[in-house]
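Please model the entire structure based on the sequences and the hints provided.
According to my numbering, the sequence shown is numbered sequentially starting from 1.
Since the hints were made in silico from the structure, they are not lab data.
What follows is a list of derived Cβ distance ranges for each label pair:
hint: 1; residue 1: S85; residue 2: D39; range: 14 to 24 Å
hint: 2; residue 1: N120; residue 2: D140; range: 42 to 52 Å
hint: 3; residue 1: N191; residue 2: D137; range: 42 to 52 Å
hint: 4; residue 1: F132; residue 2: M50; range: 15 to 25 Å
hint: 5; residue 1: F132; residue 2: Q30; range: 31 to 41 Å
hint: 6; residue 1: N139; residue 2: F2; range: 40 to 50 Å
hint: 7; residue 1: K47; residue 2: D152; range: 23 to 33 Å
hint: 8; residue 1: K170; residue 2: N139; range: 21 to 31 Å
hint: 9; residue 1: N120; residue 2: L142; range: 49 to 59 Å
hint: 10; residue 1: K146; residue 2: T123; range: 33 to 43 Å
hint: 11; residue 1: K188; residue 2: Q160; range: 14 to 24 Å
hint: 12; residue 1: S85; residue 2: K170; range: 20 to 30 Å
hint: 13; residue 1: T123; residue 2: G28; range: 17 to 27 Å
Below 20 Å or equal to it, Euclidean Cα-Cα: the simulated PhoX-like pairs (lysine-lysine) are:
hint: 14; residue 1: K58; residue 2: K47
hint: 15; residue 1: K101; residue 2: K91
hint: 16; residue 1: K7; residue 2: K188
hint: 17; residue 1: K101; residue 2: K146
hint: 18; residue 1: K32; residue 2: K7
hint: 19; residue 1: K57; residue 2: K89
hint: 20; residue 1: K57; residue 2: K68
hint: 21; residue 1: K57; residue 2: K32
We treat Cβ as the ideally placed atom computed from N, Cα and C, and that holds for glycine.
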Amino acid sequence: MFFEKLKNYNVLLASNSKRRHELLNQLGVQYKIINQNVDESFSNELKGSMITDYLAKKKSSLLVNNLKKNDILITSDTIVWHKNSPLGKPKNRTEAFKMIKSLENSCHEVITSICISTVNFQTIVNEKTLVFFDSIDENDLLYYTKTSDVLDRAGSYGIQDYIGHVGVKKIEGSYSNVLGFPTNLFVKTINSMNL
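Here it is, written out as structure tokens:
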């Protein structure tokens with residue numbers, strides 16, 4: 001059982017994402033947040049989940065050598081993959097507006113990779129969810145990009161926010177993945193580990 005697997009471990013979450021914190025809290029996971037600054041650049045040759053796998057592992061590489069026997073380190077990365085290109089976090093609100101506008105009347109993938117590391121084991125898993133955007137009224141988009149925390153989100157939007165309610169037509173796959181942490185995949189992965 002999930003809770004039994006984690007009860008004797010110190011779960012370390014290397015993420016500043018509020019959504020990841022909320023989702024782990026909802027799962028009842030006791031964890032410690034480890035702050036780190038990682039250069040999130042990657043080779044242009046990487047595509048889709050190769051990007052998120054690479055970045056999740058890169059985030060763990062700075063911390064994994066300091067793990068103790070009962071530590072489990074969790075690192076993660078999420079991107080929006082649209083028209084064969086990654087959309088990360090925008091640099092400013094103007095870029096956020098353009099990013100969301102580019103998603104209008106189309107489908108994109110939200111891809112999240114989770115890297116789980118212990119002293120002698122590491123695994124990387126990923127989840128893909130299709131998100132279908134409808135047309136978005138420009139006033140709604142302006143309102144959202146001016147009043148929301150768009151600079152902290154891959155693709156500039158949060159599905160749980162105003163723009164998700166007025167712009168997302170449907171999704172295929174994990175809702176929690178679109179939030180930034182696929183909880184079902186995480187639980188399955190922990191349950192399958194020989195801890």
